[in-house]
Amino acid sequence: MKNNDKQYNKYTPVIGLEVHVELKTNSKMFCRCSADYFGNKPNTHTCPVCLGLPGALPVPNKTAIEWCMKIGLALNCNLPLVSKFDRKNYFYPDLAKGYQISQYDEPFALGGYIEVFKEKGSQEIKKIGITRVHMEEDTGKLVHETVDGKKVSLIDFNRSGVPLVEIVTEPDFENEYQVVQYLQKLQKIVRYLDVSNADMEKGDMRLEPNISLRTIHHPEQSEGSTDSSAKPQNDKFELPNYKVEVKNINSFRFVEKAILYEIKRHQEILDKGETPVQETRGWDEAHQRTVSQRIKEEANDYRYFPEPDIPPLKWTQNYIEQLKSSLPELPDQKIKRFEKDFALSYYDAEILTRDILLANYYEEAVKVNQELGIKNQENKYPKVIANWIINKKVDTEKTPPSQLIKQITQETKVSEISDEDLNSIIDTVISENKKAVDDFKKGHENVIMYLVGQVMKTARQKIAPDRVKSLLLARLK
Amino acid sequence: MDLHTLTLTQAKEKLAKKEISSVELTRAYLDRIKTLDQKLNAFVTVTEDEALKNAEHADKLIAHGEDLPLLGIPLAIKDNFSTKGIRTTASSKVLDTYVPPFDSTVVKRLKDAGMVMLGKANMDAWAHGSSTETSDFGTTKNPWNTDFLPGGSSGGSAAAVAANESVASIGSETAGSIRQPASWCGVVGLKPTYGRVSRYGVVAMASSTDSPGPITKTVEDSARILQILAGVDVHDATTSPTQPENYVAAIRDSIQGITIGISDDYREGVDPEVQAKIDEAIKVYERLGAKIKNIKLFSPKYAIAVYTILQRSEVSSNLARYDGIRYGNDRSHFGDEAKRRVMLGTYTLSAGYYDAYYKKAQKVRTIIVEDFTTAFKDVDIIISATSPSAALPLGSSKNHPMFGEMADILVEPSSIAGLPGINIPVGLTQAGLPVGMQIMGPQWSEKKILQVAQKFEEETEFHTLKPSL
Amino acid sequence: MRGNLSTRLLRHNTPRNDKKLNMKIDVKHIAKLANLPLSVDEEKKFEQQLADTLNYIEELNEVNTEGIEITPQVTGLENVLEEDTVRPSLTQDEATANAKNSHNGFFIVPAILEENA
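Residue numbers (the numbering used here), protein chains in the order written: chain A, 52 to 528; chain B, 39 to 507; chain C, 143 to 259.
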């Protein structure tokens, strides 16, 4: 039998992510209409600019740009000193001007990263590269309805012109776990910066993964061969010759499902020796699948050119440094500090820092505790407070930190009762519980806890259980 | 007295002295429009009721001793300026039903200054042209000879002033659209520095060169209107925070010692009759003590290509919003010229062609800008003919896709560079058509070019010539 | 001496595009990109006219632009930004007044065929 190299294919997902974050500025990106459009009557938040009336001109929102740059800094990006806006030209009924003011080749931020864990349960870090962070304006909203028996699309321009920050990653994701972590981190970061509510359900955080599979060839080692050169190169590889974009994803759960669905779908196609079609698909939650979008996939020629109505932006290094120092403590930094200063596990620190308000609440509680000079019990109190908040579902809105501390103190307060008094109570309990004592002596060790309970009950105080137990045991001998 | 022959300055004086009322003045112009405009077609919309109402109100204010710079003065506004509650069409069928819910900044400033609006003036549709023949509402005729074109795109505005259908008017220039029709109609047309006057509310043509400006009977009138319009606007991010100067006060200042540049590059292709008038005008300045210097300038012929590409590229994008959904009619209502320009602009921006066309044009623009900067180190202002010829006959622009660009060859370079320029009448051809001369200056030199123009007016009578209508 | 700039530029002539007379635009494709519905006759007519225009602008190739930066903004302005304060919007009536078709305050168009078969 000839020694044939039997090749079997293994696939690795190659995933990139495009996220749009809606900023919660007061006014829109290029006009001063209120940006707070959600839930309002249609076309009540518009003006000549965001409605695309003849002669209207854009004037950029200072705060929006600042916030976009802060996001870039929080993602470890480099902020170029020169930037500008460009026109992205295409036609769609929800695009009032027939072009979107966006950024093409000189965005506000470039080249950053976010770290995630490589696999579930692994401590190995995977760095996800951020290609760029740029500013653009949102479109109006289309609603499909039937009016007078005819199928129509209704257009509301309240959302037209609201500031959007677009964050694009390198195709660095290898699995859906990394993607979800990234999204959770990104959401946390923009919430910490207080620039967006990043609420996927409300549409102020939108995402589009692009997915493909990379084939890794493992030539099977022939008998007797010591050829071990078949290691897959993970560092630099050629990108697959296709990619599929998925839209209509409204939650982290959908992302996971959509990615897993696509991976499987691509696998099946590739196994047949074919290549998946490069296209845009939509997640169909009702049928738990992705579906090809009907829109003709002609590569759109956006004919980008510099926006003539908006002069360029030029920053000084000084200004960039100023922005940097104005950033609040970011989630990862906070987690590390909680781990160090409060002796918390990563797990606990992560939970407490998920919401900046909760993190602040926790720190306030620890501070209150320290100020009250409550006995530290070997520095365990920050951990005790953490456990309390995490496990006992504290209503942080109704319970001010000082009250929480009072609660904890009371319930963990341990009696200062003397050994002598305690022993006399123990003796009483022993005499009143002859059967239990007999059971214990017969070898039912668990009964000790019942007796401990009885001691506590009689004493009507909280006494350290370990202390009661050891004295009891001594007495029973 | 013939009220319709008054200049702005004269009208203001008479109103202040209570010799005339604004209502009388306004009626005089409205009557004139009724008499002439059937033939001239300078107006798309005449706002008779509004005008009389405003005039009455102005008279009341004047009676109370109020003084605003344009109080009670009747003006015509080019129909690409948004006027709240009043139809604004840009002379296109696409917008023939459009009524803006807001005023352009220019109109707002004029209203605040007390103007009476007579109506909206005809233009090349979308400002795409130098003849006014591409208007979807019929061409405007040149008041000097109604078999001839008025020029464009502010043809209606220029004709209205020349025919005394209005005291003055407002036009806009992308490359020649104020100066050239002013030249062909024998009136004063000022294109300010790009960024001197707000474009907010003006139907956009080429965003990087569009400049609103006044068309008037005299240079002083021009200064008065510029004074109202000039200044930074929060609604237009390309307006300059540079304080406007006091143009009116400085207009009669001396121009002693000024150096005037003239260039052979700007004589190429100019009608001998036209150039002769320019040469005579130069002699006037020599008499006044100006130094004349021959300079070399970057050939205007390249400006045609630069302008064609940049303008059509920006036009293709600026006209994308006209889809008939939120206002107006759908895109099938565009005229041929608009369609051509949109398509060419789409092409020059498209993938694979952007570098060769749009980017190349923007680079040559840099050369043009630098060429002027260098020139203005040696001379204070530059003078040349405004247009290579006097007015051309009706029909000249039809089926000639480059008509406008060729007619505007001498004004395109300064427009591309965003520089100010003024046209003043310097005589008539043998055929009785006006010849215009342009005075160009560096950025923000409106004061100087107005002074230079004023001196010529003081020395000559050409600005008093009027067509016999 | 004045004129150095222009003469210097013209010295380095780039050969003219000798395909000049055959410059053609794919009118069908461009019209689609530009969202302009054209009849077949119009396509033919415009193809010639646009080719004529292209011939004129080919002259630009004579100009040497090596090392020259673009000028998208002649004003020289930078960082023109506005503070994030709200100004009143148009009313719903004002916003929809010019629409040929509106419905309950919405603009209305025939259904846009979109996703999910």
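These are computed hints drawn from the structure, not numbers from a lab.
For glycine and all other residues, C-beta sits at the position ideal for the given N, C-alpha and C.
Treat the hints with care, as some may be off.
As the list claims (entries may be wrong) - Partner residues aside, some chain A positions facing chain C, computed with beta carbon under 7 Å:
no.: 1; residue: 77
no.: 2; residue: 111
no.: 3; residue: 370
Claimed, not checked - Pairs of lysine-lysine residues, derived as DSS-like cross-links and limited to a Cα-Cα distance of at most 27 Å, are as follows:
no.: 4; chain 1: A; residue 1: 201; chain 2: C; residue 2: 242
no.: 5; chain 1: B; residue 1: 486; chain 2: C; residue 2: 166
no.: 6; chain 1: C; residue 1: 166; chain 2: B; residue 2: 122
no.: 7; chain 1: C; residue 1: 186; chain 2: B; residue 2: 131
no.: 8; chain 1: B; residue 1: 397; chain 2: C; residue 2: 166
no.: 9; chain 1: B; residue 1: 401; chain 2: C; residue 2: 187
no.: 10; chain 1: A; residue 1: 294; chain 2: C; residue 2: 174
no.: 11; chain 1: B; residue 1: 77; chain 2: B; residue 2: 55
As the list claims (entries may be wrong) - Label-pair ranges, simulated between beta-carbon atoms:
no.: 12; chain 1: B; residue 1: 391; chain 2: C; residue 2: 186; range: 20 to 28 Å
no.: 13; chain 1: A; residue 1: 367; chain 2: C; residue 2: 166; range: 43 to 51 Å
no.: 14; chain 1: C; residue 1: 252; chain 2: A; residue 2: 442; range: 56 to 64 Å
no.: 15; chain 1: A; residue 1: 196; chain 2: B; residue 2: 87; range: 36 to 44 Å
no.: 16; chain 1: A; residue 1: 196; chain 2: C; residue 2: 186; range: 20 to 28 Å
no.: 17; chain 1: B; residue 1: 391; chain 2: A; residue 2: 388; range: 29 to 37 Å
no.: 18; chain 1: A; residue 1: 71; chain 2: B; residue 2: 391; range: 53 to 61 Å
no.: 19; chain 1: B; residue 1: 431; chain 2: C; residue 2: 197; range: 35 to 43 Å
Here is what the structure says about each hint:
1. Because the closest C-beta pair between residue 77(A) and chain C is about 5 Å apart, less than 7 Å, the hint holds.
2. The interface hint given for residue 111(A) holds, since its Cβ lies 5 Å from the closest Cβ of chain C, which is under the 7 Å cut-off.
3. Proximity of residue 370(A) to chain C is violated relative to the hint, the smallest CB-CB distance being about 10 Å (cut-off 7 Å).
4. With a C-alpha separation of about 17 Å, the suggested pair residue 201(A) and residue 242(C) falls inside the 27 Å cut-off, and the hint holds.
5. For a cut-off of 27 Å, the pair hint linking residue 486(B) to residue 166(C) is broken: about 46 Å separates their Cα positions.
6. With a C-alpha separation of about 43 Å, the suggested pair residue 166(C) and residue 122(B) falls outside the 27 Å cut-off, and the hint is violated.
7. Taking the CA atoms of residue 186(C) and residue 131(B), the gap is about 23 Å. The hint holds against a cut of 27 Å.
8. Of the supplied pair hints, the one linking residue 397(B) and residue 166(C) holds, its CA atoms being roughly 20 Å apart against a limit of 27 Å.
9. Between residue 401(B) and residue 187(C), the direct Cα distance comes to roughly 32 Å. Violation of the 27 Å bound is thereby established for this hinted pair.
10. Under the criterion of a C-alpha separation no larger than 27 Å, the hint pairing residue 294(A) with residue 174(C) is consistent with the structure, at around 26 Å.
11. Between residue 77(B) and residue 55(B) the CA atoms are separated by roughly 35 Å; this puts the pair beyond 27 Å, and the hint is violated.
12. A hinted range of 20 to 28 Å for the beta carbons of residue 391(B) and residue 186(C) is consistent with their spacing of about 22 Å.
13. The hinted window of 43 to 51 Å between residue 367(A) and residue 166(C) holds, with their beta carbons roughly 49 Å apart.
14. Taking the beta carbon of each, residue 252(C) and residue 442(A) are about 57 Å apart, inside 56 to 64 Å as hinted.
15. In this structure the hint that residue 196(A) and residue 87(B) lie 36 to 44 Å apart at CB holds, the actual value being about 41 Å.
16. Range check, residue 196(A) to residue 186(C): about 41 Å between beta-carbon atoms, so the 20 to 28 Å window is missed.
17. About 55 Å separates the C-beta atoms of residue 391(B) and residue 388(A), a value inconsistent with the hinted range of 29 to 37 Å.
18. Between residue 71(A) and residue 391(B) the Cβ separation comes to about 30 Å, which falls outside the hinted range of 53 to 61 Å.
19. For the pair residue 431(B) and residue 197(C), the supplied restraint of 35 to 43 Å is violated, since their beta-carbon distance comes to about 25 Å.
In terms of the numbered hints stated before, the structure departs from hints 3, 5, 6, 9, 11, 16, 17, 18 and 19, listed from lowest to highest.
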